[in-house]
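Q: The lines below spell out each chain.
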Amino acid sequence: MIHGKKAQAISKGVMVALKILFIIMPIILFVALTVGSVFSSKQDVRPLEAVLLSKQILDCISKQGIINETFDVNSCYLDDGVSYYANATIYSMDSQFSKSSTSKANTELETGCRLGNIISKAPSCLNQTSYVLISRAGRLEKGKLEILVGVKKYDENI
Amino acid sequence: MMRISKRGQSGEAISLTVTLVLVLILLVSFYFVIKFVSISHSAISPETVTASTLKISGEESLKAYLQTPVTAYYGGKNMNMTMYDLIMLTKSNGIEKTSLESYSQSIFDRTYSGNYHLSINSGENSIIDLGKDSPFGTSSQLSLPDFNLTLQIYSATAPQEIPGKI
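Line by line, the protein sequences give chains F and U.
Heads up: the first sequence begins at 1 in this note's numbering, then just goes up one per residue.
Heads up: the second sequence begins at 1 in this note's numbering, then just goes up one per residue.
You can take every hint at face value.
Derived list of chain U stretches under chain F, where covered just means 3 residues or more per stretch with a C-beta under 8 Å from a C-beta of chain F: (1) 12 to 25; (2) 45 to 55; (3) 66 to 76; (4) 109 to 122.
Quick look at which bits of chain F chain U covers, simulated, 3 or more residues with Cβ under 8 Å: (5) 22 to 31; (6) 43 to 51; (7) 55 to 69; (8) 123 to 136; (9) 140 to 147.
Simulated from the structure, these hints should not be mistaken for lab results.
Even for Gly, the Cβ is constructed at its ideal location relative to N, Cα and C.
Excised from the complex, chain F in its bound form:
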């Protein structure tokens, strides 16, 4: 009799443990899958990188909307000549003056930006146009600034 009751108690305990296990296991699995999928998903952050780079160049070469004719984009960011491409061009509205400044030569990125989707593995590029004033020989000329930036495709930023 005593042995029978003991066995019954043990089997009940096993059942309770199994019940708990059946409920806890899916929860653990769920948490692992959810957290895993969020952290392992790859996101293309290059468009945001391009926006930030474009803003950095604009803030660097333009002081409250005024650009000196001797501007240089290479002084605006640390360029390794591989990951990023930047080109800024100013066109005067009052004269024939125009000037272009390009980051360290990266012909691959430049071509990629100019061609866009035509080529595979194209970089993420951004084109921005603003109205600016060009400071030339002590006077201000009305002008247009065009900034073109490109961010190369990498495994790290996608």
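Using the hints, position chain U against chain F.
A: Okay, now just chain U, sitting in the frame of chain F:
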């Protein structure tokens, strides 16, 4: 005794299975909801990028616009002043409105190929209102003590994101 025990056991097994299935359904649906929400929130849409770019561009354009040197006929003679001064003159007497509109139109037409809407207001009063409003445009605002400037640029023109293949 044996019959009751068997029924009890099978009943318990059924309730356990039902609970397990319900928990699984609940978790799977939660998983998909979280996955969907995380994807929709993490994706950087081209619209967001274009809007940010247009906003930055618009703000810079407005800063330069206010400092633009112009020549206006005032008090019987031609005077050199900035666009800011011209706006202030227009605000106070309204006579310079045509000149202000002409200068502003010339600047923004050449920069944004006519795809913009510029409005300058002083409180409830409109000083000038140029171009057309667009539901697809992005607005940049500059608030000064004397007036507010709003420049809306349409995404179809100037700053554009050139999509790249991933």
